[in-house]
Amino acid sequence: MKERTQRIFARFLRVNTPLTFEDLSKEFRISERTLRNELVLINEYLAENNYPMVSTTRGKGMKLTLPDQESEKLLAQVGGSREKDYYRPDERFLALLLDIADSTKTTLLYEMEEKLQVSKSTLDEDMRKLRQYLNPYAISVVSLTKQGIVLQGDERSIRSMLYGVIHSMTDIDHLISDGDSDAVNKFVLDYLDKRVLQVLGEQYDEVLKKSRVKINHVYRNQIILFLGIWVRRIQEGNTVSEFAKVRAEIGEGPVRNFVDAICADFSLSPSLNEIKYITFTIESFNPKDMNNSLDWVAAQLLAIQLIEHVEKVTGIPFSQEEGDLYEGLYKHITGLLSRAKNDLQACNPLKDTIKESYAVMYDAVACFSKRIEEYTKKALSEDEIGFLTVYFSTSASRINEEEQYVYQAVVVCNHGISTGRLLAANLKKQFNIEIVAVLSSYELAFIDKLDVDLIFTSIPIEYPQKPVLLLNPILRESDKKELRAFLFEHKDKKRSVSNKLDATKLMQDVLALIVESGGTITQESYQKVEETFKQHDLKINTREIQPMLQDVLKDSNILLNKEGKDWKEVITKVALPLIEEEVIEERYINAMIKSVEEFGPYIVVGKHLALAHARPEDGVNKLGLSVMTLKEPVNFGHPDNDPVKIVFCLAAVNSHSHIKVMKSLVELIDDTEKLDKLFAAKDVRTFNQALHEDAPIHDIQ
1 MKERTQRIFA
11 RFLRVNTPLT
21 FEDLSKEFRI
31 SERTLRNELV
41 LINEYLAENN
51 YPMVSTTRGK
61 GMKLTLPDQE
71 SEKLLAQVGG
81 SREKDYYRPD
91 ERFLALLLDI
101 ADSTKTTLLY
111 EMEEKLQVSK
121 STLDEDMRKL
131 RQYLNPYAIS
141 VVSLTKQGIV
151 LQGDERSIRS
161 MLYGVIHSMT
171 DIDHLISDGD
181 SDAVNKFVLD
191 YLDKRVLQVL
201 GEQYDEVLKK
211 SRVKINHVYR
221 NQIILFLGIW
231 VRRIQEGNTV
241 SEFAKVRAEI
251 GEGPVRNFVD
261 AICADFSLSP
271 SLNEIKYITF
281 TIESFNPKDM
291 NNSLDWVAAQ
301 LLAIQLIEHV
311 EKVTGIPFSQ
321 EEGDLYEGLY
331 KHITGLLSRA
341 KNDLQACNPL
351 KDTIKESYAV
361 MYDAVACFSK
371 RIEEYTKKAL
381 SEDEIGFLTV
391 YFSTSASRIN
401 EEEQYVYQAV
411 VVCNHGISTG
421 RLLAANLKKQ
431 FNIEIVAVLS
441 SYELAFIDKL
451 DVDLIFTSIP
461 IEYPQKPVLL
471 LNPILRESDK
481 KELRAFLFEH
491 KDKKRSVSNK
501 LDATKLMQDV
511 LALIVESGGT
521 ITQESYQKVE
531 ETFKQHDLKI
541 NTREIQPMLQ
551 DVLKDSNILL
561 NKEGKDWKEV
571 ITKVALPLIE
581 EEVIEERYIN
591 AMIKSVEEFG
601 PYIVVGKHLA
611 LAHARPEDGV
621 NKLGLSVMTL
631 KEPVNFGHPD
641 NDPVKIVFCL
651 AAVNSHSHIK
661 VMKSLVELID
671 DTEKLDKLFA
681 AKDVRTFNQA
691 LHEDAPIHDI
701 Q
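If you read the sequence shown in UniProt numbering, its first letter stands for residue 1, the second for the next number, and so on.
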């Protein structure tokens, strides 16, 4: 039975409500004609094994009616049998590649002909396709006298290539649990030891969970796969060049502890450069906050610009959800930029479904991707576009959600935190379901501690204590039918739950009215208003009440028409007001200069505009901003945005307190008319008038 037939068969075995041809053709991306042919094969199998066949009810759809025990038995039986006794082209490609990559053996083409049971001409064609595939990675296949066929190229590129191939052809969960259940898994496990992958997973969960690091299941599995390749390559003596730049410093923390545990388990003694390389790789998949990346300013600028772009294209008021949406996008883009610089790709198992289900938002993100590519100098994959789209679709669901919920439930989802939240938001909006928590399969023990009556899951789980319904991470029409039947069956679980009002916007409006009426908002008066709201049980999101550009940029920090012999002197001069106010320490200036020396003019964020910055731990005491215009423009080395005429110096203490400051800078980057006015300003008053024209009412920190 073909793999697609197995998946369609399994769909019938897992549902209790009728399925239509329209639903299934969309779900499996095949025509209704092809689907009918698949149904014939399924019914033939059922008849041959003395089971009732799939029945069709006019106006409702198709259904396979079996006792639960028989359904489970059939699910276990379906699959595993190969229709042909020879390998498919994709299987031959993988077998050939992994055999060549294995430097412990000698790969000879005549032996591969016998192993793969193909003719010389077929294998020659396979080799041609392999060389063509490797070309973009700058990897070549060469024949050496004693070593046979081998790969030649940069070691980092070889690892990234192997990771991409294996991930695209396998599922890490099935790889570890099912073993060599098919040819692809068998070839991979001949190269990557199953026990190695299991140990890596155990170490990942143990070390990072003990450190209370939030684990994203999608990234977890990709890290395990990449580490499996890393361990294998290190064991064979294949290492990254000591002359290659590796953007990571080795510090204490959960990721370093994880790497140390791996080295101990497998008796590895990698070089310092290898430790830096793999530490950075892991962190690029699971970024925690701005402190871990030199790209944090670029990530924040891109997140803000992306929100504004998608809101403009779709007409959906994403600014209502800006806090959570910004945080999710910012952290993802931080990892995205890091992965791009290290030639890594995050794989999104749901990209096709996301692209189809949220086409307008997906297209808007795809259109903006050119901005991201300008920074990374590499094409943004559909996988990454899909990940970014999920943040917007989740936010859109929250914007439209109902205020009353009558079911209390938990979501279990291993496709990633953002996908779990999307499923939760859709359940909440469409079915009056209050989702108490989104958990992974590793956190099932927490369900007993939660006040919930129902469980919705995107993976098969056993939990006899409460009713469980298996759903797709992104709801399809067939899922919605099952949901309605499931909720009706458990209508005795209904509750009446009221939501607390988020009064953040109300408080902002009250403060604005005070200012418009001629009053002044002081720190003391702000605190009194805040306390009054709290006394009336009105919830305020303090992360939304943030200082604006005009609140942070003092007149004393505006330096006009100054001279600088080079970019280093410019950075030093613009930072001096912040030194005098003890906003930053002297070492912060050195850190800003060192970053540009090592990684190039990435701080030149717009035409003629630079945003000097370093990481918070490099000497920031509190939030601050200074600016300097230059009498004579200075080159920073940026191919597109030089020469620089205006430089801001940003000192930030966390990832959110300066969001509105960043939004103002984003607007400034694209406003050439305002920039010209700032360049021409001869005094602070004129500079402020140009900078803050059309500025909104102040928010108070």
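Don't read these hints as lab results, they were simulated from the structure. Hints are supplied without guarantee of correctness; some may be wrong.
[What the hints assert, rightly or not] Taking lysine to aspartate or glutamate pairs in the DMTMM-like style, the calculated list, with each CA pair at most 25 angstroms apart, reads:
| no. | residue 1 | residue 2 |
| --- | --- | --- |
| 1 | 534 | 555 |
| 2 | 115 | 3 |
| 3 | 146 | 125 |
| 4 | 63 | 90 |
| 5 | 378 | 125 |
[As the list claims (entries may be wrong)] Ranges between beta-carbon positions, derived for each pair:
| no. | residue 1 | residue 2 | range |
| --- | --- | --- | --- |
| 6 | 550 | 17 | 27 to 35 angstroms |
| 7 | 198 | 269 | 17 to 25 angstroms |
| 8 | 680 | 550 | 18 to 26 angstroms |
| 9 | 102 | 622 | 51 to 59 angstroms |
| 10 | 7 | 65 | 32 to 40 angstroms |
| 11 | 7 | 236 | 54 to 62 angstroms |
| 12 | 4 | 69 | 23 to 31 angstroms |
| 13 | 585 | 198 | 29 to 37 angstroms |
| 14 | 653 | 674 | 38 to 46 angstroms |
| 15 | 253 | 568 | 30 to 38 angstroms |
| 16 | 150 | 466 | 50 to 58 angstroms |
Quick reminder that beta carbons are idealized off the backbone N, C-alpha and C, glycines included.
Evaluation of the provided hints:
Among the hinted pairs, residue 534 with residue 555 is inconsistent with the structure: their alpha-carbon atoms are about 35 angstroms apart, more than 25 angstroms. The hinted pair formed by residue 115 and residue 3 meets the criterion: a straight-line CA distance of about 24 angstroms does not exceed 25 angstroms. Pair hint residue 146 plus residue 125 holds up; C-alpha atoms about 24 angstroms apart against a cutoff of 25 angstroms. Between residue 63 and residue 90 the alpha-carbon distance is near 34 angstroms, which puts this suggested pair outside the 25 angstroms criterion.
Proposed proximity of residue 378 and residue 125 is contradicted: the alpha carbons are some 30 angstroms apart, above 25 angstroms. Separation of residue 550 from residue 17 is about 58 angstroms and departs from the stated range, judged on CB atoms against 27 to 35 angstroms. At roughly 23 angstroms, the beta carbons of residue 198 and residue 269 sit within the given window of 17 to 25 angstroms. Range check, residue 680 to residue 550: about 20 angstroms between beta-carbon atoms, so the 18 to 26 angstroms window is met.
A hinted range of 51 to 59 angstroms for the beta carbons of residue 102 and residue 622 is consistent with their spacing of about 55 angstroms. At about 20 angstroms, the CB distance of residue 7 to residue 65 disagrees with the hint of 32 to 40 angstroms. Look at residue 7 against residue 236: about 36 angstroms separates their beta carbons, and that is not inside 54 to 62 angstroms. Look at residue 4 against residue 69: about 26 angstroms separates their beta carbons, and that is inside 23 to 31 angstroms.
For residue 585 and residue 198, the hinted distance range of 29 to 37 angstroms is not satisfied, since their beta carbons lie about 47 angstroms from each other. Judged by the Cβ atoms, the range 38 to 46 angstroms given for residue 653 and residue 674 is violated: they are separated by roughly 28 angstroms. For the hinted restraint 30 to 38 angstroms between residue 253 and residue 568, the CB-CB distance of approximately 31 angstroms keeps it satisfied. Distance hint check for residue 150 and residue 466: the Cβ-Cβ separation is about 55 angstroms, which falls inside the suggested range of 50 to 58 angstroms.
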